[in-house]
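Chemist: Each chain, letter by letter, is given below.
Protein chains: 2
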Amino acid sequence: MNKNGILVVVSGFSGVGKGTLMKRLTEKYRQYALSVSATTRAPREGEEDGREYFFKSREEFERMIRENRLIEYASYCGNYYGTPREYVEEQMAKGRDVILEIEAQGAYKVKQQYPDTLLLFVMPPDAKTLVERLSGRGTESQEVIESRLTRALEESQMAEKYEYMVINEDLEEGVEKIRSLIEAQRDKIGRNLAFVQEIRTQLETLLKKGE
Amino acid sequence: MNKNGILVVVSGFSGVGKGTLMKRLTEKYRQYALSVSATTRAPREGEEDGREYFFKSREEFERMIRENRLIEYASYCGNYYGTPREYVEEQMAKGRDVILEIEAQGAYKVKQQYPDTLLLFVMPPDAKTLVERLSGRGTESQEVIESRLTRALEESQMAEKYEYMVINEDLEEGVEKIRSLIEAQRDKIGRNLAFVQEIRTQLETLLKKGE
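Protein chains in written order, with this note's numbering: chain A, 585 to 795; chain B, 585 to 795.
Bear in mind the hints are in silico, worked out from the structure with no lab data behind them. Please note that a few of the clues may not be correct.
Given that identical chains are not distinguished, each listed pair holds provided it fits within a single copy or across any two copies.
Simulated pairs of lysine-lysine, DSS-like, Cα-Cα distance not exceeding 30 Å [stated by the list, open to error]: (1) K712 <-> K745; (2) K712 <-> K607; (3) K745 <-> K792; (4) K745 <-> K587; (5) K772 <-> K587.
Chain A on its own, in the form it takes in the complex (with noise of 0.2 Å):
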């Protein structure tokens, strides 16, 4: 049996409870972990290095870039952010399944290098439930929601590569509906060839036997 975690990305429109469902499925499965981004950007009041986010300076994630060491990574309003790969391989190599809540960009890049992750997509119920959930907050103004909603737009074209699609309506289905999906990708075929070839051998060594 193949003992590697699983490496899952998460996407979804901004608004949508993806951080809520992540924070949920990993308290409730501790197999589960949550891949660190690295960011250029400065912490935020409560922020603390390793949890949100590692901080890095300009000179230190462009090292890391040359050097191979994020899975993938994209410049956002002047900063970078990116996912170092050490921690993601230590965690799979470990049996821990790593969670990447990254936009569809990284997700297509994470494929390329690992064609077996799982790309998962979590949906609204419907568009209204979304401009709730934005306009719930509070702190947005209109006229970032309908740049929030304008972006979903955009973001919906590229849900249609990923694998699967997650409905976010109820916190706890949602977070059941996740770890399913995930625990199938255990039976792949493809991650179970060593297991395929064990039985062919043992068969080979019984017919022996018989003669």
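Once you've looked at the hints, dock chain B against the given chain A.
Modeler: Then chain B, alone, in the frame of chain A:
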């Protein structure tokens, strides 16, 4: 949401316990319909037309082939065996998931015609268990057991082309595993493109209102 049922092919070595798994699965979860094959072989004591098989004359069967009314068929020990298309499509249209218990050659033909088909391969926990189950039937000679093992060795090559593997160690666990693999299939993006499109339309409408 795509309300159509899912087509599932279940294959596995003779003696691996597919039949028992399928019986339990379809008894426990009534939304799964087990497809009944057509055959030209004579009914055995206690077999009923439409339950174990649809019993057909050679002429009837060959007409079904010509009229493309079989999804797949094969000839085995001088008799035809095949999967009638009508039952499968009717059940799927009603939203029931249809399970075909067929061999690898047939599995590929089904997948060609219905690309969303889920291909499952049932494996024994080890080769020794397979031999014990084959011997345990008590009805098989050593010779028959060996020919089954030789066939299993051939089929293990085919297993690699399946999508998922289910190890049949504990009946209830196996049933639940198959169930969760079928359920996961419902969340495939490809089955939910109409929903993604609906969200997009809703987003566009909301953005137009906001202007």
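Chemist: None of the hints should be skipped; say for each whether it holds.
Modeler: How the hints compare with the structure:
no. : hint          : in the structure
1   : K712 <-> K745 : within (24 Å within a copy, 42 Å between copies)
2   : K712 <-> K607 : within (24 Å within a copy, 44 Å between copies)
3   : K745 <-> K792 : between (48 Å within a copy, 26 Å between copies)
4   : K745 <-> K587 : both (28 Å within a copy, 21 Å between copies)
5   : K772 <-> K587 : both (13 Å within a copy, 25 Å between copies)
Going down the numbered hints, you'll see the structure goes against none, and every one checks out.
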